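Participant: Take a look at the letters that make up each chain.
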Amino acid sequence: QSALTQPRSVSGSPGQSVTISCTGTSSDVGAYNYVSWYQQHPGKAPKLMIYDVNKRPSGVPDRFTGSKSGNTASLTISGLQAEDEADYYCCSHTGGSFVFGGGTEVTVL
Amino acid sequence: QLQLQESGPGLVKPSETLSLTCTVSGGSISSSSYYWGWIRQPPGKGLEWIGSSYYDGSTYYNPSLKSRVTISRDTPKNQFSLKLSSVTAADTAVYYCARDIIGTPADYWGQGTLVTVSS
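If you read the sequences in order, they're chains A and B. Residue numbering for the first sequence is 1041 to 1149, as defined by my numbering. Residue numbering for the second sequence is 1231 to 1349, as defined by my numbering.
These are computed hints drawn from the structure, not numbers from a lab. All figures in this text were calculated on a predicted structure; none of them were measured in a lab. There could be a bad hint or two in this list.
Unchecked claim - Restricting the straight-line Cα-Cα distance to at most 20 Å, the calculated cross-link-like pairs of lysine to aspartate or glutamate (EDC-like) are:
id	chain 1	residue 1	chain 2	residue 2
1	B	Lys1243	B	Asp1321
2	A	Lys1095	B	Asp1337
3	B	Lys1307	B	Asp1286
4	A	Lys1084	B	Asp1337
5	A	Lys1084	B	Glu1246
6	B	Lys1275	A	Glu1125
7	B	Lys1296	B	Glu1246
8	A	Lys1087	A	Glu1125
9	B	Lys1296	B	Glu1278
10	A	Lys1084	A	Glu1123
11	A	Lys1084	A	Glu1145
12	A	Lys1084	A	Asp1127
13	B	Lys1243	B	Asp1286
14	A	Lys1087	A	Glu1145
15	A	Lys1087	B	Asp1337
16	A	Lys1084	A	Glu1125
17	B	Lys1313	B	Asp1286
18	B	Lys1275	A	Asp1102
19	B	Lys1243	B	Asp1337
20	B	Lys1275	B	Asp1321
21	A	Lys1087	B	Glu1278
22	B	Lys1275	A	Asp1127
23	A	Lys1087	A	Glu1123
24	A	Lys1087	A	Asp1127
Claimed, not checked - Distance windows between CB atoms, simulated:
id	chain 1	residue 1	chain 2	residue 2	range
25	A	Asn1094	B	Gln1341	26 to 36 Å
26	A	Gln1056	B	Ser1349	45 to 55 Å
27	B	Ser1316	A	Gly1136	32 to 42 Å
28	A	Ser1042	B	Leu1232	29 to 39 Å
29	A	Ser1109	B	Ser1348	23 to 33 Å
30	B	Ser1260	A	Pro1054	37 to 47 Å
31	B	Lys1307	A	Gln1056	41 to 51 Å
32	A	Pro1047	B	Ile1332	22 to 32 Å
33	B	Ser1237	A	Gly1099	19 to 29 Å
34	A	Arg1048	B	Ser1315	51 to 61 Å
35	B	Lys1313	A	Pro1054	41 to 51 Å
36	B	Tyr1285	A	Gly1135	18 to 28 Å
Where a beta carbon is used, it is the ideal one built from N, C-alpha and C, also for glycine.
Construct the entire structure; sequences and hints are all you get.
Facilitator: Here it is as structure tokens:
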């Protein structure tokens, strides 16, 4: 199984919106509504931000939204804040296993 | 509050077996609602799912690691463990234990432990 494809980096100014794409195949992203997104600050463990494509765990701001179309999932961060600067990873169920994306560095200008 | 804590050697020699344990507090690994698994991250690189174990003992592994991985459970101690055999420098990584919910490999994470493979 190959890693999901994410852009290496995206950036935006405070208050703006950024969208991170996550492209897979009809065997993973396109096959299941089991896409999750993780935020990771340097030196820290990842934190679950979105699961089941568009569900937010308790405590995650509603500025974070997930969606999916075909073989591509997306994470949108609205109203960008300084603390959103981090690495973001998507992940998809593949039928008995999971595959992650390569990660996207989000920079707040 | 669920907490997970990894423990084990930080240095393993090439060709030997890496062994880590995850101790869970604030929740039971015997719950039928969750899986318990491992994820790793080589220094400066992305995340890689290793595998998960269910309360009934069934296991699911990354196909690329399946031949070298064993995840087991010690229910009385509320712990689960990872064994990765025949390690090489490519297995050097921060290893995280995690609670796995259906469709999502980790909703709770341990803090991670760095394992270096070197002679």
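Participant: When the hints from earlier in the document are held up against this structure, which numbers fail?
Facilitator: Violated hints: 5, 13, 18, 19, 27, 29 and 34; rest satisfied.
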